[in-house]
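Participant: One letter stands for each residue in the lines below.
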Amino acid sequence: MTYKQLRVTRTSPALWRVAFDAPPINLIGPQMVVELRELLDELESDPLVSVVIFESAIEDYFLAHWDIAADPELVNSLPKGPTGYHPWLDILIRLSKVPAITISAIRGRARGAGSEFVLATDIRFASREKAVLGQFEVGTGAVPGGGTPSRLPRLVGRGRALEILVSASDYDGELAERYGYVNRALPDAELSDFVTTFAERVSKFDLRAVQEVKAFVNAVSLAPDEEFPPQMDAFWASARRPETQDRAGQLFAQGLQQASETELNLGDTLGRIEVPEQPPRAR
Amino acid sequence: MTYKQLRVTRTSPALWRVAFDAPPINLIGPQMVVELRELLDELESDPLVSVVIFESAIEDYFLAHWDIAADPELVNSLPKGPTGYHPWLDILIRLSKVPAITISAIRGRARGAGSEFVLATDIRFASREKAVLGQFEVGTGAVPGGGTPSRLPRLVGRGRALEILVSASDYDGELAERYGYVNRALPDAELSDFVTTFAERVSKFDLRAVQEVKAFVNAVSLAPDEEFPPQMDAFWASARRPETQDRAGQLFAQGLQQASETELNLGDTLGRIEVPEQPPRAR
Amino acid sequence: MTYKQLRVTRTSPALWRVAFDAPPINLIGPQMVVELRELLDELESDPLVSVVIFESAIEDYFLAHWDIAADPELVNSLPKGPTGYHPWLDILIRLSKVPAITISAIRGRARGAGSEFVLATDIRFASREKAVLGQFEVGTGAVPGGGTPSRLPRLVGRGRALEILVSASDYDGELAERYGYVNRALPDAELSDFVTTFAERVSKFDLRAVQEVKAFVNAVSLAPDEEFPPQMDAFWASARRPETQDRAGQLFAQGLQQASETELNLGDTLGRIEVPEQPPRAR
Numbered sequence: 001m002t003y004k005q006l007r008v009t010r011t012s013p014a015l016w017r018v019a020f021d022a023p024p025i026n027l028i029g030p031q032m033v034v035e036l037r038e039l040l041d042e043l044e045s046d047p048l049v050s051v052v053i054f055e056s057a058i059e060d061y062f063l064a065h066w067d068i069a070a071d072p073e074l075v076n077s078l079p080k081g082p083t084g085y086h087p088w089l090d091i092l093i094r095l096s097k098v099p100a101i102t103i104s105a106i107r108g109r110a111r112g113a114g115s116e117f118v119l120a121t122d123i124r125f126a127s128r129e130k131a132v133l134g135q136f137e138v139g140t141g142a143v144p145g146g147g148t149p150s151r152l153p154r155l156v157g158r159g160r161a162l163e164i165l166v167s168a169s170d171y172d173g174e175l176a177e178r179y180g181y182v183n184r185a186l187p188d189a190e191l192s193d194f195v196t197t198f199a200e201r202v203s204k205f206d207l208r209a210v211q212e213v214k215a216f217v218n219a220v221s222l223a224p225d226e227e228f229p230p231q232m233d234a235f236w237a238s239a240r241r242p243e244t245q246d247r248a249g250q251l252f253a254q255g256l257q258q259a260s261e262t263e264l265n266l267g268d269t270l271g272r273i274e275v276p277e278q279p280p281r282a283r
Numbered sequence: 001m002t003y004k005q006l007r008v009t010r011t012s013p014a015l016w017r018v019a020f021d022a023p024p025i026n027l028i029g030p031q032m033v034v035e036l037r038e039l040l041d042e043l044e045s046d047p048l049v050s051v052v053i054f055e056s057a058i059e060d061y062f063l064a065h066w067d068i069a070a071d072p073e074l075v076n077s078l079p080k081g082p083t084g085y086h087p088w089l090d091i092l093i094r095l096s097k098v099p100a101i102t103i104s105a106i107r108g109r110a111r112g113a114g115s116e117f118v119l120a121t122d123i124r125f126a127s128r129e130k131a132v133l134g135q136f137e138v139g140t141g142a143v144p145g146g147g148t149p150s151r152l153p154r155l156v157g158r159g160r161a162l163e164i165l166v167s168a169s170d171y172d173g174e175l176a177e178r179y180g181y182v183n184r185a186l187p188d189a190e191l192s193d194f195v196t197t198f199a200e201r202v203s204k205f206d207l208r209a210v211q212e213v214k215a216f217v218n219a220v221s222l223a224p225d226e227e228f229p230p231q232m233d234a235f236w237a238s239a240r241r242p243e244t245q246d247r248a249g250q251l252f253a254q255g256l257q258q259a260s261e262t263e264l265n266l267g268d269t270l271g272r273i274e275v276p277e278q279p280p281r282a283r
Numbered sequence: 001m002t003y004k005q006l007r008v009t010r011t012s013p014a015l016w017r018v019a020f021d022a023p024p025i026n027l028i029g030p031q032m033v034v035e036l037r038e039l040l041d042e043l044e045s046d047p048l049v050s051v052v053i054f055e056s057a058i059e060d061y062f063l064a065h066w067d068i069a070a071d072p073e074l075v076n077s078l079p080k081g082p083t084g085y086h087p088w089l090d091i092l093i094r095l096s097k098v099p100a101i102t103i104s105a106i107r108g109r110a111r112g113a114g115s116e117f118v119l120a121t122d123i124r125f126a127s128r129e130k131a132v133l134g135q136f137e138v139g140t141g142a143v144p145g146g147g148t149p150s151r152l153p154r155l156v157g158r159g160r161a162l163e164i165l166v167s168a169s170d171y172d173g174e175l176a177e178r179y180g181y182v183n184r185a186l187p188d189a190e191l192s193d194f195v196t197t198f199a200e201r202v203s204k205f206d207l208r209a210v211q212e213v214k215a216f217v218n219a220v221s222l223a224p225d226e227e228f229p230p231q232m233d234a235f236w237a238s239a240r241r242p243e244t245q246d247r248a249g250q251l252f253a254q255g256l257q258q259a260s261e262t263e264l265n266l267g268d269t270l271g272r273i274e275v276p277e278q279p280p281r282a283r
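Protein chains in written order, with the numbering used here: chain A, 1 to 283; chain D, 1 to 283; chain C, 1 to 283.
You may find that some hints are simply not true.
Claimed, not checked - A few chain A residues facing chain C, derived, Cβ under 10 Å: (1) R17; (2) V75; (3) T121; (4) R151; (5) L175; (6) G180; (7) A209; (8) V210; (9) V213; (10) F252.
What the hints assert, rightly or not - Below, in silico cross-link-like pairs of lysine to aspartate or glutamate (DMTMM-like), each with a Cα-Cα straight-line distance of 25 Å or less: (11) D/K97 - A/D225; (12) D/K130 - D/D71; (13) C/K97 - D/E226; (14) A/K80 - A/D225; (15) A/K130 - C/E174; (16) D/K97 - A/E227; (17) A/K97 - C/E227; (18) C/K130 - D/E174; (19) A/K97 - C/D46; (20) C/K97 - C/E59; (21) A/K97 - A/E42; (22) C/K97 - D/D225; (23) A/K97 - C/D225; (24) C/K97 - C/D46.
Unchecked claim - Partner residues aside, some chain A positions facing chain C, computed with beta carbon under 7 Å: (25) T9; (26) K97; (27) I101; (28) D122; (29) L155; (30) F194; (31) V202; (32) K204; (33) F205; (34) D206; (35) Q254.
The hints are simulated quantities; they were obtained by calculation from the structure and are not laboratory data. Since the structure is predicted, the reported quantities are computational estimates derived from the model, not experimental observations. Glycine is no exception: its CB is placed at the ideal position from the N, C-alpha and C atoms.
Could you build the full structure based on these sequences and the hints that come with them?
Facilitator: Given below as structure tokens:
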């Protein structure tokens, strides 16, 4: 397979770098999904890879979010992966379990499915000045479907997880570190060297020890797989509601999914869109 | 019902503010318990409320603590609530599960049952200069009975939870944030605007999405209900001990339950009271 | 029993201080293991002890790490303790469950089994300038066997736990506090007074309340005992590999287990040792 949206560099047999390169803003669309599945197949079968760095080749965006303009059937109709779940869940569950250590080097926006991706990696290092994390879905009327209601409370506690999820706000690197959303925020000028040095170090250690430690940690810290599908179902159900469509329509009119002020400052934008006329009354 | 100790303001159908107003120090006594039960009935049945802010109308005190001078029978003899547990446990368990997002805007003291209350809400924002949190019970010889041994380790980890519980010390806003006891500490001058802006934002989002996200987070982060009653039993048993009565007597003589230096600096006071003559020897 | 490597001081019946005194660097060897078992017997049976401070009598080292030059049979052949597990696991499991509150006052290095020890105590206070924590095992090719893959994710979350474990790096007091690895880092000049004041305060409280609170917190926060033995088995298996022996040999040649630059800066040293010629290929 030739990757089109992933730049995969094998710095050594043990250390791989994967840069997201889907201009203009690194949306997670059907092509990205197909390539991530292929990458996971490689990571699961390669006998030597021990550390993988995920980073962005695009200024201002790590992974913007899910491509909600793409026909959902393009992803939904893909052959089932090993878990049997929706392809995005399948990718995230497998990602957390690959034998190699996965590191997100977050510079730019990682919202929605982008945040779900970094939460499914093992270690998150963020640019203090340029990282922006968030789960913006509730601001559009949708329920985040890629596992954050399961992963985030285990990482940052119930209070901060609920705040992040229901506020749909942007969290910069510094606040994300204070909350435990990322391991550590580093000055942007130091991030790349820090991550490379860290990854090279680990990649020289005995990969059997690295893998065994990860397996032990996974056994006590991962959410059970079966927690995830109801959340994905809730996402699709909530995304289909007229009020969610209304809000999404407003956002598209303001530049959603383009390199735009709306994408740069999506957290703020969500606080300013018009509330649909028919507020929900059901409980 | 007309609330006497709660000031309930419906800023909008989706956003309610509840200010504790039980001078002089916002003790949690029988009347407060009755009113909180009534409020929960409203929150559980109202179809539109999406966000609730809890705050204080009293300078220096958010919720001082349980009113230990009141006749316990006034609360114990109340009709059973939905959980069938002690009314205070019933209130806290229901509070964590109401569909709306609950926010504590903590300015002043929130100790003992006051701390238990904020830990049962979803999100805690604290005044950096004026918030004081703590579980002072062990300093009197009593076991905290309202669930903190269950809720706090899940929020801040075993080490910090044990420190907070056995030290019976005061934690200011800044340290409470570092420990994860609160989501965030804000400069006192900014707290009210921050909380209002946050709550208004969330209240304009689709309440179905807000509620569904909360339900998913609750499913993985709340303590099982059955953990709580043994802790409440331990509270009553420990509160009846002569040595606990001795310590409480000393505290009352020094101004406990009044607007006093003792209440303002209860953590320090506990370190200075006389140790009862008969130290406990049983194990 | 006369302790040779533990200095046990009963400041009062309720407050004990235990200083590690095994020059030159407080290695955890067979004698230390025997003495810690004896100490646990005392702590489990003494009816009055309520608080125990663990500290170091040795400059620069709290507990360096396991003595890997000692014949493993000296420990393995000790009579089984109450849990029936390996003596080191037995010590750590019992330590977390003793009725008294245990406090680590960390000044100097606490790596490997030294870190495992402090993680099994209840509360960790660290010198901001002089504490160094870490799990260096993976840097030698070994899997940490004393429970950190179980205890650390529950304390600091999956991401930071994996980082600490696979990086084998040194964590100073300040970073350890930001990660939640320790409760709090204090200026070195204040650490001793702070810990003493804290411990004296708690030691004057009703020990029944202290013990009951600890039991409630333990019930919801300790890892199940049965998680630990597979990790210890993985340690021994990984320690026997030729590549681990190679790395350990290099470290001994550079001063491992002596008062040396290598021990002072073990995290850095691990990044510079030669990678064994036969990299592992099995998965």
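Participant: All hints are to be evaluated individually against the structure, with a verdict given for each.
Facilitator: Evaluation of the provided hints:
1. R17: With a closest approach of 17 Å, the A/R17 hint is violated.
2. V75: With a closest approach of 27 Å, the A/V75 hint is violated.
3. T121: holds (8 Å)
4. R151: holds (8 Å)
5. L175: violated (13 Å)
6. G180: Holds: closest Cβ of chain C sits about 6 Å from A/G180, inside 10 Å.
7. A209: Constraint on A/A209 satisfied, holds at 5 Å.
8. V210: holds (5 Å)
9. V213: Cβ of A/V213 sits 5 Å from chain C, so the hint holds.
10. F252: Interface hint status for A/F252: violated (34 Å vs cutoff 10 Å).
11. D/K97 - A/D225: It holds: about 24 Å lies between the C-alpha atoms, which stays within 25 Å.
12. D/K130 - D/D71: Answer violated: D/K130 to D/D71 is near 31 Å, above 25 Å.
13. C/K97 - D/E226: Holds, because 22 Å separates the two Cα atoms, which is no more than 25 Å.
14. A/K80 - A/D225: holds (15 Å)
15. A/K130 - C/E174: Roughly 24 Å separates the two Cα atoms, so the pair holds.
16. D/K97 - A/E227: Roughly 19 Å separates the two Cα atoms, so the pair holds.
17. A/K97 - C/E227: Holds - the C-alpha atoms of C/E227 and A/K97 are around 19 Å apart, at most 25 Å.
18. C/K130 - D/E174: Measuring from Cα to Cα gives roughly 24 Å; hence the hint holds.
19. A/K97 - C/D46: Given that 25 Å is the threshold and the Cα spacing comes to 46 Å, the pair is violated.
20. C/K97 - C/E59: violated (29 Å)
21. A/K97 - A/E42: This hinted pair holds, its Cα atoms lying about 13 Å apart.
22. C/K97 - D/D225: holds (24 Å)
23. A/K97 - C/D225: Given pair A/K97, C/D225 holds - Cα atoms ~24 Å apart, limit 25 Å.
24. C/K97 - C/D46: holds (14 Å)
25. T9: violated (20 Å)
26. K97: Not OK, violated: A/K97 not within 7 Å of chain C, min 12 Å.
27. I101: A/I101 check passes; min Cβ-Cβ to chain C is 5 Å, inside 7 Å.
28. D122: holds (5 Å)
29. L155: Constraint on A/L155 satisfied, holds at 4 Å.
30. F194: violated (11 Å)
31. V202: At 5 Å from the nearest chain C Cβ, A/V202 passes the 7 Å test, so the hint holds.
32. K204: With a closest approach of 5 Å, the A/K204 hint holds.
33. F205: holds (5 Å)
34. D206: holds (4 Å)
35. Q254: This interface hint is violated because 34 Å lies over the 7 Å limit.
In this structure, the hints that do not hold are numbers 1, 2, 5, 10, 12, 19, 20, 25, 26, 30 and 35, in rising order.
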